[in-house]
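Protein chains in written order, with our numbering: chain E, 1 to 361; chain W, 1001 to 1585.
A couple of the hints might just be wrong.
[Unchecked claim] Going by beta-carbon spacing under 10 Å, a handful of chain E positions derived as facing chain W:
{"id": "1", "residue": "L41"}
{"id": "2", "residue": "F164"}
{"id": "3", "residue": "G281"}
{"id": "4", "residue": "F306"}
{"id": "5", "residue": "V316"}
[Stated by the list, open to error] These stretches of chain E come out as covered by chain W in the derived footprint (C-beta under 8 Å, 3 or more residues):
{"id": "6", "stretch": "165-175"}
{"id": "7", "stretch": "225-238"}
{"id": "8", "stretch": "284-296"}
I should point out that these hints are in silico values taken from the structure, not numbers from a laboratory.
For glycine and all other residues, C-beta sits at the position ideal for the given N, C-alpha and C.
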Amino acid sequence: MALAAPVAVLVVIGLGAVMSSSSVVAIRGGLDQYAIFERQLLFVAIGIAAMIVTTKIPYQAYARWAPLILMVAIGGLAATQLVGTVRGGSRSWIGIGAFTVQPSEFAKFAVVTYLAAVLARKEGYLGQFSHVALPAIGSLGVVSALVMLQPDLGTTILIVVAAFAVIVASEAPVRHVAALGLASLGGAVFLARAAPYRWQRLTAWFDSTPDILGADLQVHQAQVALGSGGLFGVGLGASRARWSYLPNAHTDFIFAIIGEETGLAGSLTVILFFVFFTVVGAVVAMRASDSFGRLLAIGLVTWLSFQAIVNIGGVVDALPITGVPLPFISVGGSAMIVNLAVVGVLLNIARSGVEPPARRS
Amino acid sequence: MPGRSTPARNLRLVIVLVGILVAWTGLGYRLVGVQALDAARWEASGSAQWVREEALPAVRGTIYDRDGIELAVTVDAVTVVADPSLVTRPRLTARLVAPVVGLKRAELVAKLAADSRFAYVARGISADTADHIERLIERHELTGLSFITEPVRTYPAGTLASQVVGFVMSDTEQGLEGLELVLDEHLTGTPGTQVIERDRFGVPIPQGMYTIEPAVQGADVVLTIDREIQYAAERYLTEALETTGAAAGTVVVQHVATGELLAVASAPGFDPNNRTEISPETVRNRAVADVYEPGSTLKVVTIAAALDEGLVTPSSRFDVPDELLIHDKVYTDTGRTGPEEMTLARIVARSSNIGTIAVQQLLGNRLHHQYLERFGLGESTTSGMPGEAPGQLQPVEQWCSTTCGPSTAIGYRVGVTPLQMAAVFATIANGGVWVQPHIVSEIIPSSGERIVTVPVQRSVISEDTARTMQLMLQGVVDSGTGTRAAVDGYTVGGKTGTTEKWMPEEVRYSATARIASFIGFAPVNDPQVVIAVVLDSPHGDVPGSSPNSLGEYPRFEFGGVSAAPVFASVAEATLHQLGVPPDGS
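Excised from the complex, chain E in its bound form (with noise of 0.2 Å):
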């Protein structure tokens, strides 16, 4: 249960984030003040119960599945191609009754599950290139297509990223984990010169005179607001930046507010928890009792922790904008129920891992 510790910490904090950033947006949309944050809160207590029914889900089910798994996430990110909504000039999502669902993050869990599934059977052919390269070329191909077409370059690069991490984990030869990995790199570069919006983010991040009304604002407002909150933060709620001077403050841009309004030593808190998450996660995959729960868990966490960092790093202006939410802590439903249900996949990992040596006192 170490791992729910600093997953709880996180879903907590985000939700006094979600309150006070959200506040202004709905009230600005004719809502409650409280109406994003209740939604948030009703997202969380879906993620709790999934988190709960995935825990007692045993993973090895997810190899027997990863198939079919991958297949419901290719034909749901075909389905936004056809009926999905466009939000923020992406169209990643489909509305089903009141709500919408961002099928993005379920493929997320799709395709690391089954690289995990299809490296982990095949572990005794992996000397072989086409065995590691024909499934994860296959598999990432379609998804990465799919997200690109929404278009969403950030869960991209995550999906991408987490794949890899699925890789290198695994028993396949170093030579071949960096021919894919060269191969990764090449098309990021091309599908990020792809898109003029998205070069230009690029170049403006490495544009060393920003031009702080255009394309460089979010950041330039998100130091701002950080900036602001210098120690210790402007106080709970007092945000001045989700006045509207601050875009997306309570999606991608989330951890400027709580940094804001909680200092640098809220914010280095975020960060080490994720940090401990993350260490948890490996530690998690280092006791999986197979192969399969070993790539499954690394996978998901290095998803879960690569994800916070692209926001973060998006954030504090060391990496550029990819519009990716922050795990656990950004508003949006579909990314906190898979983030949490996949915590749960994890958890369940972890309970039938190898037990540690009990030390001797």
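Based on these hints, arrange chain W on the given structure of chain E.
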């Protein structure tokens, strides 16, 4: 798992973990930079965008008449503004809105299509017009127009006393003319400031800091003007301009005992709410700005001085020829044939130039000049109105020994304002004490002490001399040149004046144009008010009149013909308004 040990497999996991942890460390390092090392810079940048120091406008003070009726007041009016960047259909918008606000369509299109974020569409519009525009916006779904309230200076009394009150610049409410200009410092107040945190759209942030230094509202000003008397003065003056053909004119009504100016009227005038009529001619406060040669009305100074010095009495007799040659100048009396013996009273009633010159010869230049000065000529009365001229009174050392004294005695060579002359007559009516005429009764700041005007007073002639003068001036109205100034039920004293108009551009007197005046007071037994009427270039025969004994028809050029009736009308209205009991027949 053939050939691999657990530690070897875990090495791969550790590699992944270390990779991730390195990235996390990098972010932590970066955070320290933003939130600790560079924090101050970012915080300053943040404060600069949400902390606003804002001016709180001070409401301009109100100008009241003596009874508290508003003459100039600042109200909140609706103004329509546009954000051109949000106006999606400038042509349609302009076609619909331009006629409502009285703009040309092309003009409005240019405003709405401008590359800016702000433009005035119509300022200070009525509530009805605002409703109309609101309906247009709704029906046609016009975008980019919005309503704000702005302080607007309005003049509820319209043309009434407009040259006295003046007006402000419409954008800034800064005084431009009249009392709005001279009292600007009092009326303006001091703007306050507030420091407030606002969101990106300008809405105050609830838990933000807030400090306020409130504005000090402008002081209110109470004038001595009586709205009813002012109205009567303007009405009869404007009528006189029509009947006599005068180009311009002025009426001053001064309260005798206090020096309060009950009316200061100038015509032609303007409506400060409608600036299109404004020109130097209409804005001119002629009572203080116009300098003219007073003519016969100034004879009262000569006569009063001689009486006060004990040189003459009302019954003193003078042989008055019908022509008098002094040096190179021939003086005549209007309507005279042959020499005549006259009493001083008769000289005054007949307004004899030659008789008055005889009195001046007894008085001498030095004393004459002294009295002119003591009656307040040659210097501004400092009534409080802007643009007040001092007039012209040459130092006695520069007077020639021949014609200077005689010409001055009959009201030439001296430049006066109508207000100065009103004050001269008020001195006679007030038992010999000159009281500073003034327009501001008191200034009432929003906090602190009221500033009440205390007029300067000085004794000029003895009470006996003043009383003698009053009675002689009554004779002018009863049986002299000023009979048209008589008021039913009241005794009236006064003096007519008719002078050739000096043409400064041509450096000569006009052959035809005259300045006609009548200045008088009532009731004679207890003088309450002095009224000065000065008309610029009245002309023509009086319709339906009969000739005098010499066969001369009365002409409007004469003060007794054109100005005296205006005096009578204004005096009647004034005495009724003040509730002065009748004392005559």
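Hint by hint, which ones does this structure get wrong, listed from lowest number up? 1
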